[in-house]
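Novice: The listed protein sequences derive, respectively, from chains A and B. Residue numbering for the first sequence follows the numbering used here, beginning at 1 and increasing consecutively. Residue numbering for the second sequence follows the numbering used here, beginning at 1 and increasing consecutively.
Everything labelled a hint here was simulated from the structure, so no lab data went into it. Keep in mind the model is a prediction, meaning the values are calculated, not measured. Just so you know, not all the hints are guaranteed correct.
[Said to hold, decoys possible] Derived coverage of chain B by chain A (criterion: at least 3 residues anywhere in the stretch with Cβ under 8 Å from a Cβ of chain A; other residues may be distant):
hint	segment
1	114-126
2	135-148
3	170-178
[To be verified] Some, not all, of what chain A presents toward chain B, calculated at C-beta under 8 Å:
hint	residue
4	R52
5	G56
6	T73
7	T77
Ideal placement from N, C-alpha and C gives every residue a C-beta, glycine not left out.
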Amino acid sequence: MIVAENLTKRYGARTAVSDASFAVRPGMVTGFLGPNGAGKSTTMRMIVGLDRPTSGRATVNGRAYATSPSPLTEVGTLLDAKAVHTGRSARNHLRAMAATHGIPLSRVDEVLEITGIASVARKRAGGFSLGMGQRLGIASAILGDPTTLILDEPVNGLDPEGVRWVRDFVRSYAAAGRTVLLSSHLMSEMALTADHLIVLGRGRVLADASVAELVAAWTKEDVAVETPNPDALAAALASGTVTVERTGANALAVSGAPAAWIGDRAAAAGIAIHQLTTRTGSLEEAYMALTGDSVEYKTKELA
Amino acid sequence: MTITAPQQAPAAAPATPGSAFRLSLGRVIRSEGIKLVSLRSPWVSAALTIVISLGITTLVAIAMRNFLSEMPVAGDGNAMIAQAVTTPLAFTALLVTITGSMLITGEYSTGMIRSTLTAAPDRLRSLFAKAIVLVGYTVLVSVVTSVLGITLASALFAGTDIALDFGDLAGAVLPYVYSAVYLVAAALLGLGFGYLLRSGAGAIAVAVGILFILPIVPQVLAMAPGMEWVAEAARYLPSNAGNALVQGSGDDVWQGALTLAVWVAAVLGLGAIALKSRDA
Numbered sequence: 001m002i003v004a005e006n007l008t009k010r011y012g013a014r015t016a017v018s019d020a021s022f023a024v025r026p027g028m029v030t031g032f033l034g035p036n037g038a039g040k041s042t043t044m045r046m047i048v049g050l051d052r053p054t055s056g057r058a059t060v061n062g063r064a065y066a067t068s069p070s071p072l073t074e075v076g077t078l079l080d081a082k083a084v085h086t087g088r089s090a091r092n093h094l095r096a097m098a099a100t101h102g103i104p105l106s107r108v109d110e111v112l113e114i115t116g117i118a119s120v121a122r123k124r125a126g127g128f129s130l131g132m133g134q135r136l137g138i139a140s141a142i143l144g145d146p147t148t149l150i151l152d153e154p155v156n157g158l159d160p161e162g163v164r165w166v167r168d169f170v171r172s173y174a175a176a177g178r179t180v181l182l183s184s185h186l187m188s189e190m191a192l193t194a195d196h197l198i199v200l201g202r203g204r205v206l207a208d209a210s211v212a213e214l215v216a217a218w219t220k221e222d223v224a225v226e227t228p229n230p231d232a233l234a235a236a237l238a239s240g241t242v243t244v245e246r247t248g249a250n251a252l253a254v255s256g257a258p259a260a261w262i263g264d265r266a267a268a269a270g271i272a273i274h275q276l277t278t279r280t281g282s283l284e285e286a287y288m289a290l291t292g293d294s295v296e297y298k299t300k301e302l303a
Numbered sequence: 001m002t003i004t005a006p007q008q009a010p011a012a013a014p015a016t017p018g019s020a021f022r023l024s025l026g027r028v029i030r031s032e033g034i035k036l037v038s039l040r041s042p043w044v045s046a047a048l049t050i051v052i053s054l055g056i057t058t059l060v061a062i063a064m065r066n067f068l069s070e071m072p073v074a075g076d077g078n079a080m081i082a083q084a085v086t087t088p089l090a091f092t093a094l095l096v097t098i099t100g101s102m103l104i105t106g107e108y109s110t111g112m113i114r115s116t117l118t119a120a121p122d123r124l125r126s127l128f129a130k131a132i133v134l135v136g137y138t139v140l141v142s143v144v145t146s147v148l149g150i151t152l153a154s155a156l157f158a159g160t161d162i163a164l165d166f167g168d169l170a171g172a173v174l175p176y177v178y179s180a181v182y183l184v185a186a187a188l189l190g191l192g193f194g195y196l197l198r199s200g201a202g203a204i205a206v207a208v209g210i211l212f213i214l215p216i217v218p219q220v221l222a223m224a225p226g227m228e229w230v231a232e233a234a235r236y237l238p239s240n241a242g243n244a245l246v247q248g249s250g251d252d253v254w255q256g257a258l259t260l261a262v263w264v265a266a267v268l269g270l271g272a273i274a275l276k277s278r279d280a
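Construct all of the structure, not just a fragment, from the sequences and the given hints.
Specialist: Here it is as structure tokens:
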């Protein structure tokens with residue numbers, strides 16, 4: 001269980017994280033979602049005590065991370081894949097990390113096997129590809145078999161097989177009753193991996209809800225209808241809760257009613273229907289709707 | 001190079017709160033030890049220290065021997081050998097300062113510091129463990145260098161009256177103890193500058209400035225009238241204090257040691273404050 005209370009981090013005039021409060025619960029995968037510069041990494045760094053909050057506080061299992069007698073068994077952290085000395089081999093890196101807690105060498109070899117980098121364990125980490133570095137970072141995070149995992153962009157640089165492995169790994173980790181917080185800017189990945197989402201934008205918590213709730217609240221579900229007689233159909237469908245929008249010469253977008261009801265109404269009025277498609281909002285749409293105004297580095301709209 | 005497919009994560013129950021795996025100072029020191037020996041640079045630095053020292057010792061011993069053959073004086077054997085073995089300190093002190101600073105600046109430049117401080121979040125303990133390991137490393141390098149140097153110098157003085165005389169135990173041993181103390185101080189200064197500046201280039205520049213360049217300034221200035229105080233102040237530079245400790249006599253020794261201790265305490269203290277107060 002990770003609890004952030006009014007976490008704020010300012011760098012001079014720039015506010016990276018502003019009054020962020022949230023809880024990350026055990027037993028599910030919580031996704032930390034937000035555009036670049038939203039404050040995801042800074043928040044994670046404050047949770048593990050690398051950065052000092054300007055105000056507010058973060059606790060893991062009820063206390064500040066730095067005061068834990070056994071940090072590596074409490075929280076496994078992957079903040080960025082580059083937190084490894086380039087001149088040291090993967091195995092020696094893990095040996096040094098394990099030694100701080102008296103974790104045996106057998107566990108070092110075990111996590112090398114689990115993450116699939118045993119064959120390169122004696123090579124210098126400086127020669128690792130982004131994906132291998134990421135695997136080493138994950139090996140380091142799970143070294144102490146921690147009850148909480150904090151992973152910042154864990155699938156960054158991984159091949160599809162690795163992406164899937166991370167997804168399955170964190171899901172099984174959460175299923176075992178542990179706490180998992182992982183950040184990503186990849187919406188599709190979050191939709192597959194996370195149960196619960198905390199959306200950050202410009203350092204503020206924009207949303208804290210389950211994936212399904214977010215999609216329901218921030219996207220509209222509608223039905224695309226194609227008919228040779230759109231005006232007549234629009235008239236037939238008109239009712240208090242249904243809104244009909246003309247989207248083309250023969251196309252309507254109907255929201256507020258299911259496809260079956262629309263089909264029945266059309267049949268009753270004797271109007272032909274050429275297409276009837278239910279369109280559900282995606283997490284990506286919800287995300288764009290939520291963070292639209294809070295994107296720090298906005299791309300210019302293509303003409 | 002192939003990477004084997006990762007295995008499925010084992011579904012394990014949450015670890016019990018009273019985990020057997022806990023932090024302790026001893027374990028953090030052990031971790032820092034593993035980190036030091038698993039890098040290439042400390043080995044290269046140790047090898048360079050030994051090679052440079054033996055080279056200079058050879059030159060000094062040959063020069064002394066030639067001088068003696070023209071003008072044979074019954075010298076103090078212990079002092080002559082100490083002279084030959086400790087002269088290289090002017091260079092090796094710089095080498096260990098660089099090694100000391102790289103021990104921490106290498107972590108900042110690679111990002112390793114974030115792994116270090118998440119595994120052992122007590123920052124002062126982390127610094128202390130690193131310092132302990134650095135002291136151990138430096139003493140070891142210093143002792144090996146001295147023993148090899150004494151052996152070499154004794155061989156080069158073979159056939160003369162000059163030999164180590166353990167009858168005068170202090171004269172035979174103390175110069176090398178003081179050498180080790182000086183090198184330890186130099187290494188810790190480097191570590192302190194490393195924590196303070198975080199950049200390898202910056203720490204090395206400052207170390208070279210203080211150990212090599214600053215001592216030259218008073219030598220130039222002191223020739224001018226009214227500038228004698230500069231020479232007096234220069235005695236408190238680490239390299240001059242180290243010289244006084246190793247090659248001086250009487251009050252020089254303890255004053256040199258005290259000066260070095262103050263330098264180390266100040267620089268390492270500032271480094272500790274920087275580590276404690278700044279974001280990693």
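Novice: All the hints need checking, so say for each whether the structure fits it.
Specialist: Evaluated hints:
no.	hint	in the structure
1	114-126	holds (count 8)
2	135-148	violated (count 0)
3	170-178	violated (count 0)
4	R52	holds, 6 Å
5	G56	violated, 15 Å
6	T73	holds, 4 Å
7	T77	holds, 5 Å
The structure does not agree with the numbered hints 2, 3, 5 stated previously, though it agrees with the rest.
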